[in-house]
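K.L.:
Chain residues, written in single-letter form:
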Amino acid sequence: MKAAIIVFPGTNRERDMAMALAAGSGEAPQMLWHQERSLPPGLDLVVLPGGFSYGDYLRSGAIAARSPIMDAVRDFAARGGYVLGVCNGFQILTEAGLLPGALLRNITLRFLARDCWLRVERTDTVFTRGFAPGAEFAATLAHGDGNYYADAETLAMLEGEGRVIFRYARDNPNGSAHAIAGICSANRRVLGLMPHPENCVDPLTGGDQALPMFRGLAEAFALS
Amino acid sequence: MMLRVTVMPKPGVLDPEGRAIRQALGHLGLDAVREVRAGKVMLLDVAADDPAAARALGEEAARKLLANTVIESFTVEVL
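Protein chains in written order, with numbering that gives the first Met the number 0: chain C, 0 to 223; chain G, 0 to 78.
Quick caveat, the hints were computed from the structure, so don't treat them as lab data.
Glycine is no exception: its CB is placed at the ideal position from the N, C-alpha and C atoms.
This list has only true hints and no planted wrong ones.
Footprint (simulated), chain G over chain C, 3 or more residues, beta carbon under 8 Å:
id, region
1, 89-102
2, 143-149
Going by beta-carbon spacing under 8 Å, a handful of chain C positions derived as facing chain G:
id, residue
3, Arg-58
4, Ala-61
5, Leu-108
From just these sequences and the hints, can you work out the full model?
P.N.:
Here it is, written out as structure tokens:
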């Protein structure tokens, strides 16, 4: 699997993401600085990791979404490329117009750093093919703006097209509409997810329950 | 030419900052304040020859970056 991680000023989860991708695929991803204007050829996957790009100035992800490399990421997605955005990466994908909706301040008004339960809503995507249908697993979240919002029409469209890929199970920590934790694009190749699967790939640090995501990705690209 | 761009959360969109301010005003005895909506004001110094061109620039800036029109509305004033 040839993966690249985009690093913005204020990104802080790129190393964890790199370890998770390597744990799943055995191959280290490359890091790309946000000032680049193109992506290397032959990439299978582009990852926007978590963090606080530009100190969350203006809106979380707003400035990063307009940085030079995002035009290349947009072109990559338009050509059918696979993109994963986690936490701040999900915020950047919505700000860049690659996924619908927006992430508002948590309903609790607090920054949340805690465990949550995620339910896998469909397993016919490259991101979730490694999970059992309906699987629930404990993941970690760490965000201030994770409250998924979209207007009623957009929510109906997402549900109707089966584009809600991950939903909070047991409780809805941040007040997200329809308990949405992760959604994908119409072609199911761009995924945004608030909790951190890259935190859950090693039994030494809280378990490896999200490893099926990274193994599944590696298997999907090995087959293609 | 100076512009004032005001960005506000759209009606119906959760505004926790406004809600927290409203609550604090209540603690100060200002219960008559029924609701607070909190937004952002940005002042832009733009190179433009006339107010119409300046306003068009401000609106483009607001549409492309300053406001997220999924959740926010904006107004542009030429000062």
